[in-house]
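A.B. asks: One letter stands for each residue in the lines below.
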Amino acid sequence: MEVNAKDVTNNVANILVDKLNRLGESQKNIIMIAGSLGGCFPKSIICTIVTSLSEKDTDQLDWHETLPSIDESIDELEKEGILEKDTNENVWRFSHDRIQLAAFELIPPNDRDSSRGEIGNILLEQLDDDALEANLFKVVSLRNFAMATISDDDDRRGLAQMNLRAGMKVIVL
Amino acid sequence: MKFIRHISCVSSLIIYLLSVYVPQASGNAAFDSAAAYFKAGRAVLGPNGWSIDQNTMLTLSSEAANACFISGHHDTMHELITEVITRQDISIEDKFNVIEVRIQAAHVAKEFKQGIDIALDFREQLGLPTIKNEPASKLVIIKEFIKSSRALGNKTAEDIASLPNLTDDRVIMGQRMLELLCTSTSQVSDIMH
Chain D
1 MEVNAKDVTN
11 NVANILVDKL
21 NRLGESQKNI
31 IMIAGSLGGC
41 FPKSIICTIV
51 TSLSEKDTDQ
61 LDWHETLPSI
71 DESIDELEKE
81 GILEKDTNEN
91 VWRFSHDRIQ
101 LAAFELIPPN
111 DRDSSRGEIG
121 NILLEQLDDD
131 ALEANLFKVV
141 SLRNFAMATI
151 SDDDDRRGLA
161 QMNLRAGMKV
171 IVL
Chain S
174 MKFIRHISCV
184 SSLIIYLLSV
194 YVPQASGNAA
204 FDSAAAYFKA
214 GRAVLGPNGW
224 SIDQNTMLTL
234 SSEAANACFI
244 SGHHDTMHEL
254 ITEVITRQDI
264 SIEDKFNVIE
274 VRIQAAHVAK
284 EFKQGIDIAL
294 DFREQLGLPT
304 IKNEPASKLV
314 IIKEFIKSSR
324 ALGNKTAEDI
334 ASLPNLTDDR
344 VIMGQRMLEL
354 LCTSTSQVSD
364 IMH
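Chains as they are written, first to last, in this note's numbering: chain D, 1 to 173; chain S, 174 to 366.
Hints listed in this document are in silico derivations from the structure and should not be mistaken for laboratory results. One should not assume that every hint holds.
[Said to hold, decoys possible] Derived DSBU-like pairs: lysine-lysine, alpha-carbon spacing no greater than 30 angstroms straight-line:
1) D:85 x D:138
2) S:316 x S:328
3) D:169 x S:212
4) D:138 x D:169
5) D:169 x D:28
6) S:212 x D:138
[What the hints assert, rightly or not] Chain S is nowhere near these chain D residues, computed Cβ spacing over 12 angstroms in every case:
7) 44
8) 90
9) 125
These numbers come from a predicted model, not from an experiment. Virtual Cβ for every residue (Gly too), placed ideally from N, Cα, C.
One chain only, chain S, in its complex shape:
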């Protein structure tokens, strides 16, 4: 349990740092300027931008959402994220960047349950194993803990660190969701406090 407490402390620190440094309105001039360029790029492509050049439009929108998140323009960020997420002609993998920003924004707004829902839903849409977001008994937690311990076996931290790098983008995205889930779950779980 020491490991889980450690994760909990680290997650709390990350949330604190995000809440102190990230959401300050126009707190970062570079990201303000970047957002202006991304916005101009979207404006150049115009209302038919998605049909003119979908890749550029997607990258501009994702980067703009991230820049707006960091510079504190959250309304614009939500508009951009919604525009990307609701498009039917974009694959779930291509929505990863805005989903990641959306979860980080939920963390900053202390909407951790929403962050969990989004991350789990994204993993499910990727077709990766996803647990149900429902209360679990201590028995279930112990069972999952034993499964994890067995999977780890006698591997040391060095063994794990020297594992080959992941190459499957879908799995890499799923792992990132697990990282973000650690932050959310550590904040909402009563056991951790």
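The shape of chain D in the complex, shown without the other chains:
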């Protein structure tokens, strides 16, 4: 009997997607942020975002509990097979595209664009110039999701200019 490798991979992905719903709160919080960032992400970015969210007065999710357990939670997610280490040090990735999508979909549908926008704004505020340049496409794309909510002209101008920079950069690369 021939074993279809793709089907096996998909079945494993299904099992892992089910696992997401049974994760603890801290792990869920981390995985939602990671899902918003895309297929792979540096751990330092997760720390930056969680730190910033824990400092803000948000009662939607308990970020104070998440902050001290980031390392532990990511290790646990790796053991579960949800995340795996990338070849780059301190960079992690989802073990399957569908898991990343499912992680992102843990965020309520009405909050998804604003969450991505908020994460983009945090990265813009917190990253230094070099880190921001290295993550320019990611930050611009995240902020673009929430462009409809921007009412201040200076903020519009800032994001438009970031898009201009990103467009010029992608041509040069």
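Assemble the complex: chain D is given as a structure, and chain S must be docked to it using the hints.
C.D. replies: Below, chain S alone, put in the same frame as chain D:
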């Protein structure tokens, strides 16, 4: 005349290369992605973008037109070019980038006469000496040739290459139009074929 034939051959090669490599739909992923960022930037500024930040809007629109030209999205490119050209509050110098794209697009579409009209009109709007786009007798051509030869004098190619760089943007734009005119005229002139 050898020089003119050489220019003609080079121009034909450029047109061929442009027609082979440039207008392929979505043929260049980098320019597709760039166009998406420029489009998003315009969307962020919204319908009042020109009054919020005219410089950024102009740069986004010009770069988007160029990216759409290269990636083969010519309808969008024409919309962007028209939007910039028809704005009364933008100087002719600031319209240079989209005009250049428009002429290159005319070359790719083999609309060389249109390319000539646009380039001549642009030079005229810059206030630079511009010839009339009308048939010329051999006598006129000889007269212009003699004028050019006299202007060149005994200068060698090295002499010309070592001339100081142009610094006047208006003249630089006008010279670029002349370059583009070489491509167009070599394609429409019966004498050259």
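A.B. asks: A separate judgement is required for each hint: does it hold in the structure or not?
C.D. replies: These are the hints, each one checked on the structure:
1. A hinted pair counts as satisfied when its Cα atoms are at most 30 angstroms apart, and residue 85 (chain D) with residue 138 (chain D) qualifies at roughly 19 angstroms.
2. The hinted pair formed by residue 316 (chain S) and residue 328 (chain S) meets the criterion: a straight-line CA distance of about 20 angstroms does not exceed 30 angstroms.
3. Note on residue 169 (chain D) and residue 212 (chain S): the hinted pairing holds, with a Cα-Cα distance of about 15 angstroms set against a maximum of 30 angstroms.
4. Distance restraint check for residue 138 (chain D) and residue 169 (chain D): the Cα-Cα separation of roughly 13 angstroms lies within the 30 angstroms cut-off, and the hinted pair is therefore satisfied.
5. About 34 angstroms separates the Cα atoms of residue 169 (chain D) and residue 28 (chain D), which puts this hinted pair outside 30 angstroms; it is violated.
6. Taking the CA atoms of residue 212 (chain S) and residue 138 (chain D), the gap is about 17 angstroms. The hint holds against a cut of 30 angstroms.
7. Every beta carbon of chain S lies more than 12 angstroms from that of residue 44 (chain D), the smallest distance being close to 25 angstroms; the non-interface claim holds.
8. The non-interface label for residue 90 (chain D) is consistent with chain S: the shortest C-beta to C-beta separation is roughly 27 angstroms, beyond 12 angstroms.
9. For residue 125 (chain D), the shortest C-beta to C-beta distance to chain S comes to about 18 angstroms, beyond the 12 angstroms cut-off, and the non-interface label holds.
The structure is inconsistent with hint 5 alone, although it conforms to all the rest.
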